[in-house]
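Protein chains: 2
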Amino acid sequence: MRYELYYWTGIQGRGEYVRLALEDAGANYIDVAREEGDEVMMPFLQGAQSGPLPFAPPFLKAGRLVIAQTAAILFYLGPKLKLVPATESAQFHALQLQQTVADFVVEIHDTHHPIASGDYYENQRDAAKKRAEDFRECRLPKFLGYFEHVLERGGKKYALRSHSYVDLSLFQLMSGLDYAFPKAMKRLNRRMPLLRDLQKRVADRPSIATYLASERRLAFNESGIFRHYAELDDS
Amino acid sequence: MRYELYYWTGIQGRGEYVRLALEDAGANYIDVAREEGDEVMMPFLQGAQSGPLPFAPPFLKAGRLVIAQTAAILFYLGPKLKLVPATESAQFHALQLQQTVADFVVEIHDTHHPIASGDYYENQRDAAKKRAEDFRECRLPKFLGYFEHVLERGGKKYALRSHSYVDLSLFQLMSGLDYAFPKAMKRLNRRMPLLRDLQKRVADRPSIATYLASERRLAFNESGIFRHYAELDDS
Chain E
41 MRYELYYWTG IQGRGEYVRL ALEDAGANYI DVAREEGDEV MMPFLQGAQS GPLPFAPPFL
101 KAGRLVIAQT AAILFYLGPK LKLVPATESA QFHALQLQQT VADFVVEIHD THHPIASGDY
161 YENQRDAAKK RAEDFRECRL PKFLGYFEHV LERGGKKYAL RSHSYVDLSL FQLMSGLDYA
221 FPKAMKRLNR RMPLLRDLQK RVADRPSIAT YLASERRLAF NESGIFRHYA ELDDS
Chain F
41 MRYELYYWTG IQGRGEYVRL ALEDAGANYI DVAREEGDEV MMPFLQGAQS GPLPFAPPFL
101 KAGRLVIAQT AAILFYLGPK LKLVPATESA QFHALQLQQT VADFVVEIHD THHPIASGDY
161 YENQRDAAKK RAEDFRECRL PKFLGYFEHV LERGGKKYAL RSHSYVDLSL FQLMSGLDYA
221 FPKAMKRLNR RMPLLRDLQK RVADRPSIAT YLASERRLAF NESGIFRHYA ELDDS
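In order, the protein sequences belong to chains E and F. Heads up, the working numbering is the position in the first sequence plus 40, with the first residue counted as 1. Heads up, the working numbering is the position in the second sequence plus 40, with the first residue counted as 1.
Incorrect hints may have been included.
Remember, identical chains collapse to one label, so a pair may be satisfied in a single copy or spanning two.
[What the hints assert, rightly or not] Simulated crosslink set (BS3-like; lysine-lysine; CA at most 27 Å straight-line):
no., residue 1, residue 2
1, K182, K197
2, K226, K196
3, K196, K101
4, K197, K223
5, K122, K170
6, K122, K240
7, K197, K169
8, K170, K101
9, K223, K101
10, K223, K170
11, K101, K240
12, K120, K223
13, K223, K240
14, K182, K101
15, K240, K170
Because the hints were derived from the structure by calculation, they are not lab data.
In isolation and in its complexed conformation, chain E is listed as follows (with noise of 0.2 Å):
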């Protein structure tokens, strides 16, 4: 099966939870914007195309299946790169983490887009001051407390028992947030030894490592979802 997954070109964004799947599994894919523009998702977004309407990209067309949502695009993948155990129960419990991981990603979006997902951050960056103060202060540790605990009881190296899909997202939650969030990421260092260590250990997995040095991989900047703006950090 030859993947085509579907997003922005551009920004890593919610597409990159999905490459970085691919990447470690060394899936046969193609990241079809990046080779032929943005404008080939248009007719999937319009409704030209037949099968499901995806509300927004990423999406990802497996034969005739076109699966949209980086969960689900996730739920549907993991068994079949063996990204995930192969219980039900393991299954279930990947989709769960990955949808809060999702919930995670809309909340560090809106530290810089808290009043309108369409107008420039300069336009709200008095609310977003306000807004990433409460992320950095609440829901920041509240999260990164939940990853660290869940890999306490999964063994202390993955989120579910063994490798899968779900560490890959931690790490790149981990990898934004210290590009957009230095010093509070540093201020909470030493209450995330687990979550740290599995950084490190899925930066340094071969297919991510060479994947990290390819051209594929585009840097974080301020049009993505994790941005820095020195004025949205601890002073």
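Starting from the known structure of chain E, arrange chain F on it as the hints suggest.
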């Protein structure tokens, strides 16, 4: 199987999407916190129970399985309650639609809590007015237009090819939005005839009509996700 649903008492919240599915199917279930109090959820949330750690309610106990996250719970229950077609493609379609419902719910919630989910509405009212304006002008028509398009593609009556838990969730969204934003919803009426028809048909399903008339259905209120603050609606 007797399902155990765990969700906060006092609000419909995210638990309601699960409750509507269980009620529609006439499933054998217990709404545990309503019987025994919110504190019955704490051992799960604090990790004193074995198995997956929920980030937040709702979660469902089905035998030894514990599943959190609304869309994951419904993905699990769908086939068992015959509330989704039997094919893999339909079940993935339902999952991605339900995750889009979940994304919409976050945006609805954040109209009254754009800065800090743990703080009072009154302390973020000015930002809420701005966020709600963008929501009414941009996000509300975008999401409703999307779901209207989904119904059109599903044969005009259902999100999928036949009745499913997604239709029940769309009913809940429409009802809640009518409560929270009556003027904006009236303004958008002509653009969503299929959603309005679906909303009526779901309300008329005998099991749903019975449920809605029962004491088990709580009223919408200003502690829940859908809140009516006149200053956040069209003027």
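Hints, one by one, checked against the model:
1. K182 - K197: Classified as within: same-chain Cα gap 20 Å, cross-chain 41 Å, threshold 27 Å.
2. K226 - K196: Answer is within; shortest intra-copy Cα gap is 21 Å, inter-copy 53 Å.
3. K196 - K101: Between. Shortest inter-copy distance 25 Å satisfies the 27 Å Cα cut-off; intra-copy 35 Å does not.
4. K197 - K223: The answer is within: 25 Å in one copy meets 27 Å, while 52 Å across copies does not.
5. K122 - K170: neither (42 Å within a copy, 46 Å between copies)
6. K122 - K240: Classified as within; 21 Å inside a copy, 44 Å across copies.
7. K197 - K169: Answer is neither; intra-copy 35 Å and inter-copy 45 Å both fail.
8. K170 - K101: Cα proximity of K170 and K101: none, with 40 Å in one copy and 38 Å across.
9. K223 - K101: The answer is neither: 39 Å in one copy and 40 Å across copies each exceed 27 Å.
10. K223 - K170: within (17 Å within a copy, 30 Å between copies)
11. K101 - K240: neither (31 Å within a copy, 35 Å between copies)
12. K120 - K223: The answer is neither: 39 Å in one copy and 48 Å across copies each exceed 27 Å.
13. K223 - K240: Only inside one copy: K223 and K240 sit 19 Å apart there, 52 Å across copies, limit 27 Å.
14. K182 - K101: between (35 Å within a copy, 24 Å between copies)
15. K240 - K170: neither (32 Å within a copy, 41 Å between copies)
Violation of the numbered hints given earlier is confined to hints 5, 7, 8, 9, 11, 12, 15; the remaining hints are satisfied by the structure.
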